[in-house]
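With the hints as constraints, model all of the structure from the sequences given.
Each protein sequence line maps, in turn, to chains A and B.
Going by the numbering used here, the first residue of the first sequence is number 1, and it counts up by one from there.
Going by the numbering used here, the first residue of the second sequence is number 1001, and it counts up by one from there.
Just so you know, these hints were derived from the structure itself, not from any lab.
Certain hints may be false.
[What the hints assert, rightly or not] Restricting the straight-line Cα-Cα distance to at most 30 Å, the calculated cross-link-like pairs of lysine-lysine (BS3-like) are:
1. K36/A - K56/A
2. K1057/B - K36/A
3. K57/A - K70/A
4. K1009/B - K36/A
5. K70/A - K56/A
6. K59/A - K36/A
7. K36/A - K70/A
8. K1057/B - K1009/B
9. K1009/B - K51/A
10. K36/A - K51/A
11. K1057/B - K70/A
12. K70/A - K59/A
[To be verified] Some chain B residues flagged as far from chain A (calculated, every beta-carbon gap over 10 Å):
13. H1010
14. L1011
15. T1013
16. S1024
17. S1027
18. D1029
19. N1051
20. Q1067
21. D1071
22. E1082
23. L1083
24. H1095
25. V1114
Idealized CB from N, CA, C, for every residue including glycine.
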Amino acid sequence: GQQVMQIPQYQHVQEGEDFTTYCNSSTTLSNIQWYKQRPGGHPVFLIQLVKSGEVKKQKRLTFQFGEAKKNSSLHITATQTTDVGTYFCAGEGGSYIPTFGRGTSLIVHP
Amino acid sequence: DSGVTQTPKHLITATGQRVTLRCSPRSGDLSVYWYQQSLDQGLQFLIQYYNGEERAKGNILERFSAQQFPDLHSELNLSSLELGDSALYFCASSHTGAATYGYTFGSGTRLTVV
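Right under this line is the structure:
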């Protein structure tokens, strides 16, 4: 079945440093979604990418979808303590049910 | 408040027992999805209902069952509970049968089996 791998599992950064998490699928995706889960909270939808090579920005967050539609990345510029949480990618193949990666937990040290 | 309501927030029960988790989707959403989140397995899809009908099934154990009622709320029934069933159970909803514009998650039910 479809597998979505996400790395790294954890990332410690100093406030102000950049952060990137990577997502790779074993199969070609129709779209990929990104979610953020704050500690003790629930996943919150951030964005969906659909087109090959697509790049979308939300303030300090930049999302990319690979040309082959099998990988994606989320980059945060100049992290802040409010960015703390776990970032999940969820890739949708042909089943209309996204497969979630294991997530990357971002820890920001002030 | 995401608009998806889950009750109860916390549940502590003994092994072998049965519990029911409840979810009310966001107003206007027809699909309900159940997910289990544990430290070692991440977010695992259990089952989806769309407008009262089962639409998709994931890694749901035979001891678990769900249904969606005419008012679109859903219940997840967990029986013969084992220690390994301890996890966060999330309900999510979407307007259509696919998560085309992302899921809206509820705040979850934390189940502890002792």
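To see whether the hints hold, each was checked on the structure:
At roughly 16 Å between alpha-carbon atoms, K36/A and K56/A fall within 30 Å of each other, so this suggested pair holds. Distance check on the hinted pair: K1057/B and K36/A sit about 24 Å apart at the alpha-carbon level, within 30 Å; holds. Pair hint K57/A plus K70/A holds up; C-alpha atoms about 20 Å apart against a cutoff of 30 Å. The straight-line distance between the Cα atoms of K1009/B and K36/A is roughly 20 Å, inside the 30 Å bound, and the hint therefore holds.
Distance check on the hinted pair: K70/A and K56/A sit about 17 Å apart at the alpha-carbon level, within 30 Å; holds. For the hint linking K59/A to K36/A, the alpha-carbon distance of about 15 Å falls within 30 Å, and the restraint holds. Only pairs whose Cα atoms come within 30 Å are accepted, and K36/A paired with K70/A is accepted, the gap being roughly 20 Å. Between K1057/B and K1009/B the alpha-carbon distance is near 24 Å, which keeps this suggested pair within the 30 Å criterion.
The suggested pairing of K1009/B with K51/A is violated, with an alpha-carbon distance near 38 Å, which exceeds 30 Å. Taking the CA atoms of K36/A and K51/A, the gap is near 21 Å; set against the 30 Å cutoff, the hint holds. Distance check on the hinted pair: K1057/B and K70/A sit about 24 Å apart at the alpha-carbon level, within 30 Å; holds. For the suggested pair K70/A and K59/A, the alpha carbons sit about 25 Å apart, so the restraint of at most 30 Å is met.
With a least CB separation of 12 Å from chain A, H1010/B remains clear of the 10 Å interface cut-off, as annotated. Remark: the non-interface label on L1011/B is consistent with the geometry, its nearest Cβ contact in chain A lying 16 Å away (cut-off 10 Å). Annotated as non-interface, T1013/B keeps its C-beta farther than 10 Å from every C-beta of chain A; the closest such distance is 21 Å. Every C-beta of chain A lies more than 10 Å from that of S1024/B, the closest at about 15 Å, which supports listing it as non-interface.
Distance check on S1027/B: its Cβ is at least 17 Å (rounded) from any Cβ of chain A, clearing the 10 Å threshold; non-interface status holds. At roughly 13 Å from the closest C-beta of chain A, the C-beta of D1029/B stays outside 10 Å, upholding its exclusion from the interface. Even its closest Cβ contact with chain A, about 15 Å, leaves N1051/B beyond 10 Å, as expected for a residue assigned away from the interface. In this structure Q1067/B is separated from chain A by more than 10 Å, as the shortest Cβ-Cβ distance comes to about 18 Å.
The non-interface label for D1071/B is consistent with chain A: the shortest C-beta to C-beta separation is roughly 22 Å, beyond 10 Å. Every beta carbon of chain A lies more than 10 Å from that of E1082/B, the smallest distance being close to 23 Å; the non-interface claim holds. Consistency note on L1083/B: stated as away from chain A, and its beta-carbon is indeed over 10 Å from all of that chain's, at 22 Å minimum. With a least beta-carbon separation of about 13 Å from chain A, H1095/B lies farther than 10 Å from that chain, consistent with its non-interface assignment.
Remark: the non-interface label on V1114/B is consistent with the geometry, its nearest Cβ contact in chain A lying 21 Å away (cut-off 10 Å).
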